[in-house]
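**Student:** Taken in sequence, the protein lines are chains A and B.
If you read the first sequence in my numbering, its first letter stands for residue 6, the second for the next number, and so on.
If you read the second sequence in my numbering, its first letter stands for residue 6, the second for the next number, and so on.
These are computed hints drawn from the structure, not numbers from a lab.
Just so you know, these numbers come straight off a predicted model, no measurement behind them.
Glycine included, each C-beta is placed from N, C-alpha and C at the ideal position.
Please note that the accuracy of each hint is not assured.
Which stretches of chain A does chain B cover? Using the computed rule of at least three CB atoms under 8 angstroms from a CB of chain B, they are [claimed, not checked]: (1) 52–64; (2) 195–208; (3) 291–301.
Not everything, but these chain B residues come out facing chain A in the computed CB check (under 8 angstroms) [to be verified]: (4) A37; (5) G43; (6) I55.
2 protein chains.
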Amino acid sequence: MAAMSERALIGWIRSRIGRRGGRIVVDSGDDAAVLRFGRRQILFKTDGVIDGVHFDSATARPEEIGHKAVARCLSDLAAMAGVPGFAVAALMIPRNAREQYVRRVIEGMERTASAFGAAIVGGDISSHPGRLAITVAMLGETQGWSPVRRSGARLGDVFAVTGKLGGSILGKHLRFVPRVREALELRRRFDLHAMIDISDGLLVDLDRLCRESGVGAVLEESSIPISPAARRLARRDRRSPLEHALGDGEDYELLFALPADQSSRLERSGLGRVVGEAAAMEGIYLRRRDGRLEERTAEGWEHRWGR
Amino acid sequence: MAAMSERALIGWIRSRIGRRGGRIVVDSGDDAAVLRFGRRQILFKTDGVIDGVHFDSATARPEEIGHKAVARCLSDLAAMAGVPGFAVAALMIPRNAREQYVRRVIEGMERTASAFGAAIVGGDISSHPGRLAITVAMLGETQGWSPVRRSGARLGDVFAVTGKLGGSILGKHLRFVPRVREALELRRRFDLHAMIDISDGLLVDLDRLCRESGVGAVLEESSIPISPAARRLARRDRRSPLEHALGDGEDYELLFALPADQSSRLERSGLGRVVGEAAAMEGIYLRRRDGRLEERTAEGWEHRWGR
Chain A
6 MAAMSERALI GWIRSRIGRR GGRIVVDSGD DAAVLRFGRR QILFKTDGVI
56 DGVHFDSATA RPEEIGHKAV ARCLSDLAAM AGVPGFAVAA LMIPRNAREQ
106 YVRRVIEGME RTASAFGAAI VGGDISSHPG RLAITVAMLG ETQGWSPVRR
156 SGARLGDVFA VTGKLGGSIL GKHLRFVPRV REALELRRRF DLHAMIDISD
206 GLLVDLDRLC RESGVGAVLE ESSIPISPAA RRLARRDRRS PLEHALGDGE
256 DYELLFALPA DQSSRLERSG LGRVVGEAAA MEGIYLRRRD GRLEERTAEG
306 WEHRWGR
Chain B
6 MAAMSERALI GWIRSRIGRR GGRIVVDSGD DAAVLRFGRR QILFKTDGVI
56 DGVHFDSATA RPEEIGHKAV ARCLSDLAAM AGVPGFAVAA LMIPRNAREQ
106 YVRRVIEGME RTASAFGAAI VGGDISSHPG RLAITVAMLG ETQGWSPVRR
156 SGARLGDVFA VTGKLGGSIL GKHLRFVPRV REALELRRRF DLHAMIDISD
206 GLLVDLDRLC RESGVGAVLE ESSIPISPAA RRLARRDRRS PLEHALGDGE
256 DYELLFALPA DQSSRLERSG LGRVVGEAAA MEGIYLRRRD GRLEERTAEG
306 WEHRWGR
C-alpha cells in the first residue's frame, strides 16, 4: 500500500476515536496519545521496525536493531516532553534465527530503554515464516506539566531544531540518541508552544506541526543545520546537502516552536538552532539566500514564487 | 526458532527485569505486567498475531483477524481480573493489500475493543514485503482490587474453567469471546486465588499456573468440559475428544483456582466448572475414569503410574 494510503488510513482511524468521557486528552494524531488516570496524565505510544523497511538485517548489528526499535518510541515521548516509564515489546522472529542473535537484539533494546529510564516489563515472542520485526509500546508521564503537543505553534513563534539534519541513512538511523533529556531541558528553560520529532524529514514534519497549529512557516536556507552525513550523501547522488537536510527522514531530532524573543537565549544555550518562523500564510516556504521565497509544502515542491 | 527456545528466551528476559523501585508490581511472567502509578495499579500487555501463524488470511475474514488481535490482549487482562482501558496497535501490511481490506481489519479491532470498554488511542501502519501482522498493546486497571495472579493457588483449592475446551482451530480461535465480564463477575463473587487464560492448552497453562504457585494438580477425566468442536475434530484425526480438550490451544477460556468449599456455589452459578484440585506432589496428573493416575506434566506425557 502506498504512503498516501497509509496517511489516509491514519486520518480515517483518527476520525473514529471518540473522546471517551474526557479520559483521552490527546489522540493518535500527536506523537503519543495522552490519557488521564486520576490526576495523572499518561503518554502511550506504539511503533514498529521491520527488516527490509526500517533496517537491513544484512548490515545492521542486532544490538542496533534493538536500539532503534526502542529509541523510536523514546523519541516520540521526547517530542511531548514526556518521561519514559515502561515498555512492552513484541518480537516476530524468523524461523531460522539463532537464539544468540535474538538475545543480542533484546540486549540492545534493554540497554537503550534502561539508559533513558524505561523498564521493559513484558513481551511476546513469535517465530514466523517472515523477517524480523519488533513492535514496542511505551508508557511515559509528564510529572505535573502538560505534554507539549503539535498544535500550539502561533504567529510570533520561531521554529528551532536540535542537532544537524540529513543523511541519517548512512548510519545515524541505527544509532541516534533519542532527545529525551534535551526535551526535558528545553521544556524547563523555554516556553515550548509545540514540538514534534523529525522522523519523516524536516519539511514533512514541519508541515504536520503547522497544519495542527493552523499556521504556515518560512524556513531560512542559511539557518538549516546540515549534517556531515548530508554532505557525504550529496557527493554520491544528485541532491544537494541542503535538500538532504530538508527532506531526509529518520533524524529523530526535535523540531519545536517557541516565542521569537527567546531565540537568542535558545541559541546561547546550545540546545537548539532557530531555522525559521511561523507565518500567516498557509504552507511551508524556504527563503533562499538570494531572498526568493520557494514553496516547499509537502507534495507541493514544484510550485515556486519569485519575489 | 523452536518453541522451546522461545520459552527459554522469555525466562531469560524475565530474569533480567528488575523491580525498579517497587513500581513494577508484577512482571512479564504473568498474563500482564502490573505497574504502580501513584495509588493506581495499571495492567500493561502486548500480544501479536501473524498471518500464517495465528490466522490464515486465505480463509479468515478481515474483521475476524482484527477481532483476534484485540481479543487476545483482552483475554490476558481478563485473566488478571482487569478492566480494559486503552489500546494502541501496530499494523504491518503487505505492500499489495487493498485499503478496503485494511479498513475491515481495523473495524474488527475497533468493534471488539469498544465492546469490552477499550478505546484504540493510537497506532502505527507500515507497508512491508511480508504478510499481515498486528501487534496490540493494552492498558487496564483493577479499580481498587488486586490483580489476580498466576501464583496464588494453594493446597485446598480446586481448579475450574469457563466454557468448553478443544477444537478451537475449527473456528473459535477467530471468534472467541474474551472472558472479561466473566472474570470480573468471578472476582466479585468468589475468592479467586490464581487465574490464567488458556491460550496454549489446558495442560500447558495449568502447568504454568501450578509452577508459579508451587503446587501440583490432579485433573478429573470425567470433569473436563469437552466442546462439540473437539468431538468434531476427533472424528477427523486419531486423537480423542478428551485429548483435544486437554491439549488444544487458543480456547481463551479462564482457568482459575478457588477454595474447594466454593466449588458447589461456583457450579450453581454457571460461571465455571471444577476440573480438578491442587495437590502436594509436583506436576500435572489426570485421574482416569478407572482411577488410574497418569502424569501429564508438559513435556512429561509418556510417564504413567498405575494405581
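**Student:** With reference to the structure, classify each hint as holding or not holding.
**Tutor:** Hint-by-hint comparison with the structure:
{"no.": "1", "hint": "52–64", "result": "holds (count 6)"}
{"no.": "2", "hint": "195–208", "result": "violated (count 0)"}
{"no.": "3", "hint": "291–301", "result": "violated (count 0)"}
{"no.": "4", "hint": "A37", "result": "holds, 7 angstroms"}
{"no.": "5", "hint": "G43", "result": "holds, 6 angstroms"}
{"no.": "6", "hint": "I55", "result": "holds, 5 angstroms"}
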